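**Student:** Sequences are here, hints too, so could you generate the full structure?
Under the UniProt record's numbering, residues 1 to 227 are what the sequence shown spells out, in order.
Note that these hints are calculated values from the structure, not bench results.
Just so you know, these numbers come straight off a predicted model, no measurement behind them.
Be aware that one or more of the hints could be misleading.
[What the hints assert, rightly or not] Taking lysine to aspartate or glutamate and the EDC-like style, the derived pairs with C-alpha atoms no more than 16 Å apart in a straight line are:
#1 K180 with E191
#2 K182 with D197
#3 K182 with E24
#4 K63 with D226
#5 K165 with E214
[Said to hold, decoys possible] Quick list of the computed label-pair ranges, beta carbon to beta carbon:
#6 Q43 with T133: 36 to 44 Å
#7 V175 with A222: 35 to 43 Å
#8 P196 with T96: 17 to 25 Å
#9 G178 with G54: 18 to 26 Å
#10 L170 with S36: 30 to 38 Å
#11 P51 with E219: 34 to 42 Å
For each residue, glycine too, the CB sits at the ideal point set by N, CA and C.
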Amino acid sequence: MIGTLWQPAQHADLFFQGSSSHPELYQHLPFGPFSSSTDFMEQLVQGRIQPNPGCTLYAIIDKTRTRPRASDRTNALPQSPIDVAGTIGYLHGSPTHLSVEIGFIIILPPFQRTHVTTNAVGLLLRYALDLPTATPPGLGLRRVQWQASEKNEASIRVAERIGFKREGLLRWDRVYVGGKGKVSHGEDVREGDPMPDTLGRHTVLLAICWDDWENGCRERVAQLMDR
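**Tutor:** Have a look at this one:
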């Protein structure tokens, strides 16, 4: 399993075709679902990621198994020489404060409850927290954080299993734009709210810091990735 920088010509159509019939993938996210791969590119990649130098998007490619036969696929993906398993990325990167957040995590249904999420997150943790003198070299950051909706128990469980420590709850932290028009687990707003068609989100904040990493978390992540 590898993470590779997002290449629209290679990844956008495959990701959209794998996700378009699963709007629930976006129920805890402030973006999506998307009407087409072009819509995905315009809203998320061009609208949120490319203008922000602190953001990077990766395609998750599963190279550990052969593609299932068409007759065996419950959630069929299009025929392709690569398996796009989902997306992951960095956001809120700060060279000044030596910190970053792991996010944009969308795992397509055929790859959920497999090694994919753990390995993708583990690769990004290694690159962020290992020192530049390591082999292979890392960025030597001091902090990697993870944010999830309070109602997204699966995301919180994944983060804590990997080694992220819960630091707090940010109440009414996000607005789900168009939240009442999609599958969503947001919080209802009060009568008279200036954005009545939206929902709100309470956000759980978790993090792994360099001292966690150097005192057992690196080994914990390695063990999880080697299973």
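**Student:** For each hint, tell me whether it holds in the structure or not.
**Tutor:** Hint check results:
1. Distance hint between K180 and E191 is fulfilled; the C-alpha atoms sit about 14 Å from each other, no more than 16 Å.
2. Taking the CA atoms of K182 and D197, the gap is about 11 Å. The hint holds against a cut of 16 Å.
3. For the proposed pair K182 and E24, the alpha carbon gap of about 9 Å is at most 16 Å, so the pair holds.
4. With a CA separation close to 15 Å, the supplied pair K63 and D226 stays within the 16 Å bound.
5. As the CA atoms of K165 and E214 are separated by approximately 15 Å, the hinted pair is consistent with the 16 Å bound.
6. Checking the proposed 36 to 44 Å range against Q43 and T133 shows it holds: the Cβ atoms sit about 39 Å from each other.
7. Distance hint check: the CB atoms of V175 and A222 are about 38 Å apart, consistent with the given range 35 to 43 Å.
8. Remark: the range hint 17 to 25 Å for P196 to T96 is contradicted by a beta-carbon distance near 38 Å.
9. Judged by the Cβ atoms, the range 18 to 26 Å given for G178 and G54 holds: they are separated by roughly 25 Å.
10. Our hint of 30 to 38 Å for L170 and S36 holds, since their Cβ atoms are close to 33 Å apart.
11. Separation of P51 from E219 is about 38 Å and conforms to the stated range, judged on CB atoms against 34 to 42 Å.
In summary, the one numbered hint that this structure violates is 8.
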